[in-house]
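What follows is the residue order along each chain.
There are 4 protein chains.
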Amino acid sequence: MNITVWNENRHEQSNPKVREVYPEGIHGAIAGFLKEAGFGVRTATLDEPEHGLTDDVLSLTDVLIWWGHQAHDDVHDDVVAKVQQRVLDGMGLIVLHSGHFSKIFRTLMGTSCDLKWREADEKERMWVVNPSHPIVDGIGETIELDKEEMYGEHFDIPVPDELVFVSWFEGGEVFRSGCTYRRGLGKVFYFRPGHETYPTYHHSEIQSVITNAVRWAEPTTRPQPIRGNAKPLETIAEKE
Amino acid sequence: MNITVWNENRHEQSNPKVREVYPEGIHGAIAGFLKEAGFGVRTATLDEPEHGLTDDVLSLTDVLIWWGHQAHDDVHDDVVAKVQQRVLDGMGLIVLHSGHFSKIFRTLMGTSCDLKWREADEKERMWVVNPSHPIVDGIGETIELDKEEMYGEHFDIPVPDELVFVSWFEGGEVFRSGCTYRRGLGKVFYFRPGHETYPTYHHSEIQSVITNAVRWAEPTTRPQPIRGNAKPLETIAEKE
Amino acid sequence: MNITVWNENRHEQSNPKVREVYPEGIHGAIAGFLKEAGFGVRTATLDEPEHGLTDDVLSLTDVLIWWGHQAHDDVHDDVVAKVQQRVLDGMGLIVLHSGHFSKIFRTLMGTSCDLKWREADEKERMWVVNPSHPIVDGIGETIELDKEEMYGEHFDIPVPDELVFVSWFEGGEVFRSGCTYRRGLGKVFYFRPGHETYPTYHHSEIQSVITNAVRWAEPTTRPQPIRGNAKPLETIAEKE
Amino acid sequence: MNITVWNENRHEQSNPKVREVYPEGIHGAIAGFLKEAGFGVRTATLDEPEHGLTDDVLSLTDVLIWWGHQAHDDVHDDVVAKVQQRVLDGMGLIVLHSGHFSKIFRTLMGTSCDLKWREADEKERMWVVNPSHPIVDGIGETIELDKEEMYGEHFDIPVPDELVFVSWFEGGEVFRSGCTYRRGLGKVFYFRPGHETYPTYHHSEIQSVITNAVRWAEPTTRPQPIRGNAKPLETIAEKE
Numbered sequence: 001m002n003i004t005v006w007n008e009n010r011h012e013q014s015n016p017k018v019r020e021v022y023p024e025g026i027h028g029a030i031a032g033f034l035k036e037a038g039f040g041v042r043t044a045t046l047d048e049p050e051h052g053l054t055d056d057v058l059s060l061t062d063v064l065i066w067w068g069h070q071a072h073d074d075v076h077d078d079v080v081a082k083v084q085q086r087v088l089d090g091m092g093l094i095v096l097h098s099g100h101f102s103k104i105f106r107t108l109m110g111t112s113c114d115l116k117w118r119e120a121d122e123k124e125r126m127w128v129v130n131p132s133h134p135i136v137d138g139i140g141e142t143i144e145l146d147k148e149e150m151y152g153e154h155f156d157i158p159v160p161d162e163l164v165f166v167s168w169f170e171g172g173e174v175f176r177s178g179c180t181y182r183r184g185l186g187k188v189f190y191f192r193p194g195h196e197t198y199p200t201y202h203h204s205e206i207q208s209v210i211t212n213a214v215r216w217a218e219p220t221t222r223p224q225p226i227r228g229n230a231k232p233l234e235t236i237a238e239k240e
Numbered sequence: 001m002n003i004t005v006w007n008e009n010r011h012e013q014s015n016p017k018v019r020e021v022y023p024e025g026i027h028g029a030i031a032g033f034l035k036e037a038g039f040g041v042r043t044a045t046l047d048e049p050e051h052g053l054t055d056d057v058l059s060l061t062d063v064l065i066w067w068g069h070q071a072h073d074d075v076h077d078d079v080v081a082k083v084q085q086r087v088l089d090g091m092g093l094i095v096l097h098s099g100h101f102s103k104i105f106r107t108l109m110g111t112s113c114d115l116k117w118r119e120a121d122e123k124e125r126m127w128v129v130n131p132s133h134p135i136v137d138g139i140g141e142t143i144e145l146d147k148e149e150m151y152g153e154h155f156d157i158p159v160p161d162e163l164v165f166v167s168w169f170e171g172g173e174v175f176r177s178g179c180t181y182r183r184g185l186g187k188v189f190y191f192r193p194g195h196e197t198y199p200t201y202h203h204s205e206i207q208s209v210i211t212n213a214v215r216w217a218e219p220t221t222r223p224q225p226i227r228g229n230a231k232p233l234e235t236i237a238e239k240e
Numbered sequence: 001m002n003i004t005v006w007n008e009n010r011h012e013q014s015n016p017k018v019r020e021v022y023p024e025g026i027h028g029a030i031a032g033f034l035k036e037a038g039f040g041v042r043t044a045t046l047d048e049p050e051h052g053l054t055d056d057v058l059s060l061t062d063v064l065i066w067w068g069h070q071a072h073d074d075v076h077d078d079v080v081a082k083v084q085q086r087v088l089d090g091m092g093l094i095v096l097h098s099g100h101f102s103k104i105f106r107t108l109m110g111t112s113c114d115l116k117w118r119e120a121d122e123k124e125r126m127w128v129v130n131p132s133h134p135i136v137d138g139i140g141e142t143i144e145l146d147k148e149e150m151y152g153e154h155f156d157i158p159v160p161d162e163l164v165f166v167s168w169f170e171g172g173e174v175f176r177s178g179c180t181y182r183r184g185l186g187k188v189f190y191f192r193p194g195h196e197t198y199p200t201y202h203h204s205e206i207q208s209v210i211t212n213a214v215r216w217a218e219p220t221t222r223p224q225p226i227r228g229n230a231k232p233l234e235t236i237a238e239k240e
Numbered sequence: 001m002n003i004t005v006w007n008e009n010r011h012e013q014s015n016p017k018v019r020e021v022y023p024e025g026i027h028g029a030i031a032g033f034l035k036e037a038g039f040g041v042r043t044a045t046l047d048e049p050e051h052g053l054t055d056d057v058l059s060l061t062d063v064l065i066w067w068g069h070q071a072h073d074d075v076h077d078d079v080v081a082k083v084q085q086r087v088l089d090g091m092g093l094i095v096l097h098s099g100h101f102s103k104i105f106r107t108l109m110g111t112s113c114d115l116k117w118r119e120a121d122e123k124e125r126m127w128v129v130n131p132s133h134p135i136v137d138g139i140g141e142t143i144e145l146d147k148e149e150m151y152g153e154h155f156d157i158p159v160p161d162e163l164v165f166v167s168w169f170e171g172g173e174v175f176r177s178g179c180t181y182r183r184g185l186g187k188v189f190y191f192r193p194g195h196e197t198y199p200t201y202h203h204s205e206i207q208s209v210i211t212n213a214v215r216w217a218e219p220t221t222r223p224q225p226i227r228g229n230a231k232p233l234e235t236i237a238e239k240e
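Those protein sequence lines, which keep their order, are chains A, B, C and D. Read in our numbering, the first sequence has 185 at position 185, and its numbers run on one by one without any break. Read in our numbering, the second sequence has 24 at position 24, and its numbers run on one by one without any break. Read in our numbering, the third sequence has 28 at position 28, and its numbers run on one by one without any break. Read in our numbering, the fourth sequence has 120 at position 120, and its numbers run on one by one without any break.
Please keep in mind that the hints were generated in silico from the structure rather than gathered at the bench. It is possible that part of the hints are untrue.
It does not matter which identical chain is used: a pair holds within one copy or between any two.
To be verified - Pairs of lysine to aspartate or glutamate, EDC-like flavour, derived with a Cα cap of 20 Å:
1. K123 to E234
2. K147 to E234
3. K231 to D114
4. K239 to D146
5. K231 to D161
6. K103 to D78
7. K231 to E141
8. K239 to D121
Remember, predicted model here, so these are calculated numbers, not experimental data.
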């Protein structure tokens with residue numbers, strides 16, 4: 001499987017604290033543990049030509065991981081349209097944290113994807129509510145993060161096809177933190193944690209979830225569906 | 001409840017056969033039986049200013065019904081954006097037949113909404129697969145339509161929140177014909193039948209389903225969700 | 001609509017604290033606000049003959065509410081079987097709090113319905129995650145209960161058809177607190193709060209949710225489905 | 001992975017036509033192609049002691065396949081209870097065809113699992129409605145079976161977690177033919193085709209679906225959930 005890890009990669013340029021936590025960028029950290037898991041991995045970032053998501057890259061990508069935050073509007077609409085088409089054609093998509101507001105996620109969801117948020121160094125405890133799902137293989141009953149940004153309900157998303165995690169936050173909120181969707185032939189997983197100033201993507205269970213999600217999102221091998229005008233498969237009676 | 005029935009209203013102008021079946025337009029036929037059911041009903045059509053969907057009309061509409069076919073591209077993007085926002089704010093939306101390819105439905109679904117189709121005067125038998133749903137109140141185990149256009153799988157929609165009808169077609173296909181979705185605070189129902197040359201909207205059970213769907217799609221009365229930056233509801237411990 | 005409120009009614013006999021909170025029993029409190037809402041309401045309790053759920057009572061009941069806790073095993077299996085059959089035939093069922101372990105709920109779910117619990121006078125904050133659902137009509141973004149028993153995940157239930165509430169607990173857990181299911185022609189709603197020593201059923205928003213749930217669970221008016229051996233509706237070709 | 005294929009194995013004894021189609025029994029046919037796919041496979045049948053499902057066999061089984069028809073009532077309730085417990089503990093379960101009426105399937109569903117049926121040598125065309133699901137990997141848009149027993153809606157099952165196939169029948173019915181459920185830690189797949197007098201389990205695409213389903217139903221590797229009385233994870237404030 002070929003994975004492309006896409007990152008906005010702007011905080012890493014402007015904020016030394018982020019650079020300290022992720023010296024090779026958030027994309028570098030994620031690519032690192034996915035390579036160790038045996039996947040073919042490339043990275044792509046916003047400021048590359050075509051945001052690094054050329055037709056060639058997209059056509060070779062089985063699963064795309066997306067992290068963005070402050071520059072969602074800088075992503076070109078035609079790249080968004082191409083990514084959407086690739087998802088509909090079967091590519092898996094894993095949207096992380098602040099990617100909830102990315103053009104690609106909003107386009108695939110059809111809703112605002114808005115939520116509550118707060119940066120307060122608060123504790124998050126993610127509870128597994130779908131224990132037989134392959135995305136939680138090897139994961140205990142909770143994942144605890146000592147400090148994370150809070151995201152709170154109501155999260156304006158379509159009803160998830162599958163709800164995998166629900167987060168408890170120290171400040172009093174809950175959040176649907178792990179949500180799967182199917183769009184066209186592609187599988188989509190939204191996974192909440194990963195504020196840029198915290199070492200969340202160095203956390204081994206977070207890495208396991210993302211690795212499991214990549215496997216889950218692998219495209220099926222099937223002929224593309226046939227659509228449009230269709231000849232009958234059975235005889236249709238003459239009617240008056 | 002205030003209902004707005006939106007119709008493209010182009011076939012009625014150009015095709016005498018359609019005009020014969022629907023002398024007051026598809027919108028007129030639908031508005032007729034909804035008025036009899038006691039709703040406040042207005043109509044709106046593509047060629048009116050702002051397609052008849054001004055801010056005033058939209059803000060007064062509890063449930064919008066949508067029929068379009070050959071002129072989806074003539075619907076202005078800013079009207080589509082306003083309708084989407086009203087759905088997210090709570091307005092119900094009932095999308096009929098060829099409206100599967102409308103901009104508003106594709107925007108809310110995030111998929112191509114493509115399908116198989118055939119015009120062959122063929123029999124459709126819609127089977128109720130969700131017998132306790134209020135949308136099928138008073139409906140028997142099937143609705144039979146002697147002649148309809150065929151729509152066949154794979155229908156490129158997100159997994160419905162609720163699947164209400166599955167159609168059997170004489171020519172050998174099946175179709176998920178009645179599908180509910182929630183988007184934001186709004187409820188959406190897609191209902192398959194209604195090719196312009198057939199008297200489908202004069203069929204009493206089809207009328208019952210649409211009437212039931214209008215009731216089901218009624219907005220809830222609740223304060224709008226609070227989103228954005230949020231103060232904690234509980235004390236967050238100082239951390240080192 | 002005719003509602004029957006079933007209560008085990010044992011804590012009320014043995015525990016003065018419960019009797020103080022619910023002088024007319026939990027069933028009396030629930031019956032009270034449902035009568036005010038205009039429903040026809042009767043009550044039934046464990047120690048009545050046939051637990052108060054005779055064939056006549058069941059056949060006249062549109063929606064049954066169920067509260068039980070310490071004496072689940074005292075409910076006769078044949079009464080459970082009759083209640084199950086009535087649900088499959090269309091009766092609505094609202095299972096409250098410790099009713100998660102009742103025979104009828106476990107029978108309808110097919111799982112253990114086990115969970116974590118703790119009695120510690122702790123705060124529960126129920127978050128609405130399905131804002132367009134009729135069950136939360138008129139309800140704000142949360143319902144706060146100063147003191148309740150904690151129920152925590154993993155709650156061993158089938159994936160809910162609709163998830164309406166998620167609870168945050170002071171002690172660190174979350175819980176899927178409002179869950180809908182369809183079984184046969186009947187609608188089922190599980191609603192978490194209501195420990196016997198707290199005045200939860202005197203809380204106006206809790207009363208609103210239960211009242212809304214009763215309306216939501218109203219049976220549809222339809223002929224019973226036809227099952228068993230079936231004659232073909234279309235001609236089947238002779239095959240060699 | 002270790003698979004156990006359970007078969008009632010009565011038609012094979014009494015009906016020469018069935019024995020001709022399945023000389024090694026339905027269980028033998030299914031075990032055959034699963035062995036070729038590389039799984040560890042054993043078989044078990046009704047007339048063995050404990051129906052071949054001893055504690056040892058069950059504890060070693062990752063996925064159980066179930067075919068039964070005329071002798072559902074001969075399956076001992078304690079064996080059913082053990083199989084249910086193993087599913088809740090994580091074992092996958094694939095229920096085939098007339099197994100819809102088996103005690104184990106009805107127990108896990110909580111409904112009657114009744115349906116329409118007809119034996120008329122009629123054509124079934126199964127349409128894939130969930131094209132990204134791993135269970136349809138390698139499968140075309142339909143699977144055609146020249147002659148099968150008809151099963152028709154309304155099928156009295158809970159709403160499937162995922163609907164994978166919908167069948168078209170020559171005689172005019174449709175059916176939800178491939179349905180997934182989660183129960184406890186276990187995954188359940190109901191797959192419709194397989195009347196005993198037809199060579200359905202010799203059909204290569206039917207074999208592919210069952211093989212895919214076995215892989216999909218593989219248990220996750222996780223600690224068993226902790227339930228019962230639970231100590232708080234956070235400090236609970238004293239209240240007056």
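Could you figure out if K123 and E234 sit no more than 20 Å apart (CA to CA) within one copy, between two copies, both or neither?
-> For K123 and E234, the Cα distance is within 20 Å only across copies (11 Å; inside one copy 61 Å).
Given a CA cutoff of 20 Å, do K231 and D161 count as a within-copy pair, a between-copy pair, both, or neither?
-> neither (33 Å within a copy, 30 Å between copies)
Taking 20 Å as the upper bound on the Cα-Cα distance, should K147 and E234 be classified as within, between, both, or neither?
-> Between copies, since 15 Å is at most 20 Å while 62 Å is not.
Is the C-alpha distance from K239 to D146 at most 20 Å within one copy, between copies, in both cases, or in neither?
-> Between. Shortest inter-copy distance 9 Å satisfies the 20 Å Cα cut-off; intra-copy 71 Å does not.
Could you figure out if K103 and D78 sit no more than 20 Å apart (CA to CA) within one copy, between two copies, both or neither?
-> For K103 and D78, the Cα distance is within 20 Å both inside one copy (11 Å) and across copies (17 Å).
How would you label the pair K231, D114 (within, between, both, or neither) given a Cα cut-off of 20 Å?
-> between (44 Å within a copy, 16 Å between copies)
Classify it for me, K231 with E141: is the Cα-Cα distance of at most 20 Å met within a copy, between copies, both or neither?
-> Between copies only: 15 Å across, 52 Å inside.
Which holds for K239 with D121 at a C-alpha limit of 20 Å: within a copy, between copies, both or neither?
-> Between copies, since 7 Å is at most 20 Å while 71 Å is not.
Consistency note: the structure conflicts with earlier hint 5 alone.
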